[in-house]
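Novice: Take the sequence shown: its letter number 325 is residue 325 in this note's numbering, and every next letter is one higher.
If you are wondering where the hints come from, they were derived from the structure by calculation, not from laboratory data. Hints may contain errors.
What follows is a list of derived Cβ distance ranges for each label pair [what the hints assert, rightly or not]:
hint	residue 1	residue 2	range
1	K43	E217	50 to 56 Å
2	E275	N181	33 to 39 Å
3	I155	E198	26 to 32 Å
4	Q154	A192	24 to 30 Å
5	E255	E189	33 to 39 Å
6	E189	L365	54 to 60 Å
Below, in silico cross-link-like pairs of lysine-lysine (DSSO-like), each with a Cα-Cα straight-line distance of 27 Å or less [claimed, not checked]:
hint	residue 1	residue 2
7	K423	K389
8	K231	K282
9	K169	K142
10	K87	K49
11	K272	K50
12	K148	K254
13	K78	K254
14	K180	K119
15	K441	K285
16	K314	K78
17	K91	K119
18	K451	K441
19	K389	K318
20	K389	K451
21	K180	K91
22	K271	K91
23	K359	K314
24	K49	K451
25	K231	K87
26	K441	K475
27	K175	K148
28	K91	K441
29	K78	K91
30	K282	K272
31	K304	K119
32	K231	K441
33	K359	K317
34	K87	K359
35	K50	K271
36	K175	K91
37	K50	K254
38	K175	K451
39	K282	K87
40	K389	K78
Quick reminder that beta carbons are idealized off the backbone N, C-alpha and C, glycines included.
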Amino acid sequence: MFLKNISIVLIASNLLLLSCKQREQISEQEIRQMKKTADQVIKRVLTSKKIVATTNYNSTSYFIYRGEPMGYQYELLKSFSGFLGVKLEIKIIDEPESGIGCLVDNECDLIALGLAITKEYTTQIDFTIPLTQTRQMLVQCKPAGWRKMATADQINAYLIRNPLYLAGKTVYIQKNSIFKNRLQNLSDEIGADINIIEDPEATLEELIGMVARREIEYTISEEYIALVNQKYYPDIDVSTPVSFPQNIAWAVKKEAYGLLDTLNYWLENFKKTRESVFLYNKYFKNTGRRGSSGGGILSLSEGKISLYDDLIKKYSKKIEWDWRLLASLIYQESRFYPDTVAWSGAMGLMQLMPNTAAKYEIDSLSNVENQIVAGVDYIALLDRQFAEKGINTDQRVKFVLASYNAGIAHVYDAQRLAEKYNKDPHVWDNNVDFYLLNKSKPQYYNDSVVKYGYCRGEESYNFVNEIFERFEHYKNMIKEE
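Based on the sequences and whatever the hints tell you, model everything.
Specialist: This is the structure we're talking about:
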């Protein structure tokens with residue numbers, strides 16, 4: 001009732017703020033309709049005790065990681081729905097136009113994509129106060145061997161630092177994105193053609209990956225998304241702006257003033273909280289790991305991998321793994337630092353997520369042995385689940401590692417995709433691994449057999465391969481006892 005009263009007061013305030021001239025231009029019937037429209041969306045939300053929000057699958061907005069829903073937009077929405085005291089329902093869309101249609105048809109209440117506020121969009125939807133600001137950035141690849149270059153000037157000599165030099169260049173962009181208008185305006189401003197190619201299928205993050213693999217030269221991205229992806233692709237450069245700063249906001253149906261005012265009321269207060277700062281840093285700044293005390297890798301020539309070799313040897317027997325394989329997993333997860341905490345909240349040597357860690361009765365203060373025991377017990381659980389599906393021991397290790405990284409639900413999705421496309425769901429290499437690798441593509445994560453949506457599958461695919469590659473090095477340097 002408190003929130004409903006807030007909305008009604010704010011609606012009344014908005015109407016009172018209309019100038020005399022404005023009120024003369026608006027008929028009483030139009031004012032009554034404005035009041036009705038303004039109130040009906042928030043009334044529906046509060047009555048049904050559910051708010052339906054649209055967002056998209058990617059590594060910043062919404063995704064499932066190790067079985068837990070995460071994402072900047074998702075966590076903001078959870079906080080807002082908690083403020084309202086209602087349940088949150090997520091609808092996935094691939095582009096803003098779908099979200100606008102969803103609002104118009106009353107199939108959703110809110111677009112939570114982090115849209116740039118543009119003149120074109122304001123004719124169709126109403127925006128909240130800004131969440132933050134961003135710029136459109138050119139995504140390009142650093143020169144080969146850039147790490148060995150002595151100065152930034154040497155690197156910059158190979159890069160576009162002035163948008164003027166995009167004249168005659170080919171830039172790939174996501175279909176139906178705001179980047180096309182900006183590049184067309186830029187082309188007019190510089191008096192030269194920019195070859196703009198709209199990829200009919202690729203997502204923004206896929207285009208960034210294509211730049212990183214040198215399959216294309218350039219794409220455009222919002223700055224905050226580009227910075228996150230630079231953590232995954234250190235060879236890309238995202239330092240050249242092609243636009244002025246733009247406000248980023250959520251959006252509601254035109255004239256849904258009740259919901260809009262309630263959102264703005266919440267946002268104004270939420271942005272002042274520590275939680276707001278924490279969430280922004282979690283997804284856009286602290287995307288690595290933090291931790292300082294503990295193990296580190298020792299000298300392989302001396303027959304040692306870490307300070308914890310004896311414990312790793314002891315507990316690897318419980319899962320019948322070569323201890324050097326378990327050591328390679330631990331190195332991949334934490335570099336043998338027991339106080340490591342990831343951006344996602346995963347902690348310790350074994351990087352267990354908080355909910356998983358709680359199930360095995362450990363926390364950030366648990367000693368190294370208990371951390372290893374918990375991690376091994378979790379591996380044993382995953383192994384049993386794949387054993388029950390009839391996957392043989394050699395293949396099962398890779399399924400387990402992929403599940404340890406991405407969460408078993410995404411691996412199950414990849415198995416279902418493999419089966420659908422006549423691949424062997426019991427074989428990892430060149431079968432299930434392909435579908436996990438490509439689970440960031442809409443054609444796969446939107447497939448009817450997929451239950452858990454988007455996954456940054458490339459990370460999990462590489463996770464498995466890197467662990468096995470390091471395992472081979474460990475085997476070469478340290479003979480089995």
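Novice: For this structure, which hints from the list above don't hold up?
Specialist: Hints 12, 16, 25, 26, 27, 31 and 40 not satisfied by this model.
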